[in-house]
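Trainee: Single-letter residue listing:
There are 2 protein chains.
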Amino acid sequence: MDNIVIRKASCEDCSRLLELVRGLAEYEKAPQEVTVSLSHFVESGFGENPVWWAFVAEVDGLICGFSLYYIRYSTWKGQRIYLEDIYVEPEIRGKGIGAMLFDAVMQEGKNGNYSGMMWQALDWNQPALDFYSKYKAKLDFEWVNCSIEFKDV
Amino acid sequence: MDNIVIRKASCEDCSRLLELVRGLAEYEKAPQEVTVSLSHFVESGFGENPVWWAFVAEVDGLICGFSLYYIRYSTWKGQRIYLEDIYVEPEIRGKGIGAMLFDAVMQEGKNGNYSGMMWQALDWNQPALDFYSKYKAKLDFEWVNCSIEFKDV
Numbered sequence: 348m349d350n351i352v353i354r355k356a357s358c359e360d361c362s363r364l365l366e367l368v369r370g371l372a373e374y375e376k377a378p379q380e381v382t383v384s385l386s387h388f389v390e391s392g393f394g395e396n397p398v399w400w401a402f403v404a405e406v407d408g409l410i411c412g413f414s415l416y417y418i419r420y421s422t423w424k425g426q427r428i429y430l431e432d433i434y435v436e437p438e439i440r441g442k443g444i445g446a447m448l449f450d451a452v453m454q455e456g457k458n459g460n461y462s463g464m465m466w467q468a469l470d471w472n473q474p475a476l477d478f479y480s481k482y483k484a485k486l487d488f489e490w491v492n493c494s495i496e497f498k499d500v
Numbered sequence: 348m349d350n351i352v353i354r355k356a357s358c359e360d361c362s363r364l365l366e367l368v369r370g371l372a373e374y375e376k377a378p379q380e381v382t383v384s385l386s387h388f389v390e391s392g393f394g395e396n397p398v399w400w401a402f403v404a405e406v407d408g409l410i411c412g413f414s415l416y417y418i419r420y421s422t423w424k425g426q427r428i429y430l431e432d433i434y435v436e437p438e439i440r441g442k443g444i445g446a447m448l449f450d451a452v453m454q455e456g457k458n459g460n461y462s463g464m465m466w467q468a469l470d471w472n473q474p475a476l477d478f479y480s481k482y483k484a485k486l487d488f489e490w491v492n493c494s495i496e497f498k499d500v
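Protein chains in written order, with the numbering used here: chain C, 348 to 500; chain P, 348 to 500.
Rather than coming from a laboratory, the hints here were simulated on the basis of the structure.
If chains are identical, the list can't say which one is meant, so a pair holds when it fits in one copy or spans any two.
Simulated crosslink set (DSBU-like; lysine-lysine; CA at most 35 Å straight-line): (1) K498 / K442; (2) K457 / K498; (3) K355 / K457; (4) K498 / K424; (5) K483 / K376; (6) K442 / K485.
The following block holds chain C by itself, in its conformation from the complex (with noise of 0.2 Å):
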């Protein structure tokens, strides 16, 4: 029986993160894409005004999956919680451990009293809709993300 603990992720986990960050990124295909610092990370969370909060799943004391947020702004809803990152390490899948990082942030916003939580999933990752689908979250595919990077304009 594995020993699995969620708390919240403190100063001292942010060199984990990213490599957690790294590993999610590889999964979407994408690991050229994480250009953030790790300096830039500490900062923006544990800085005089963070802007993300994150939980952690330790098992057997070694962190091996994360949930990671900040709040957003919507003129349709007002201020919600954007589930940013959600990951859970490969072979360690299968315990809950995601759900638990889930319902670690969505209890926050309840708590919060935000209106509610977004995030993206891509739309090639079936077990990630079929896991939000047991929560009836809403699946919207008419969206385009658009991004410009301020070095090249």
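Since the structure of chain C is already known, use the hints to place chain P on it.
Mentor: Chain P alone, transformed into the frame defined by chain C:
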């Protein structure tokens, strides 16, 4: 010749801004999705801790367009501008007002040292996609928007 002024939105503009938010939601075929109240809208933009900012376009003294953004967090890219809404009323299109509103947000992001800007467009909104292509924006069609309303879970 119209007298076009682009300026930062002020607290007094909120009521008119929310009218335009509803106009945009109607164009996006989702008017029923706008459930935010004017008081929450005002408080979140001009209260103690503002979480959104906007530019308005005045034509002959009347606000007929706006661009609204917040700061998002990306585990891949760090802090970035998120362009939540950009809208120009139908009868005043074709004068370059959309580009002025877009450029104002982009300039704000450059000044703030953010790495880039992100937003979403509807996959059937060809005029919008064409507009963004002129900026050489990267368009990514493989993400699904997911959401949960806390009152339902």
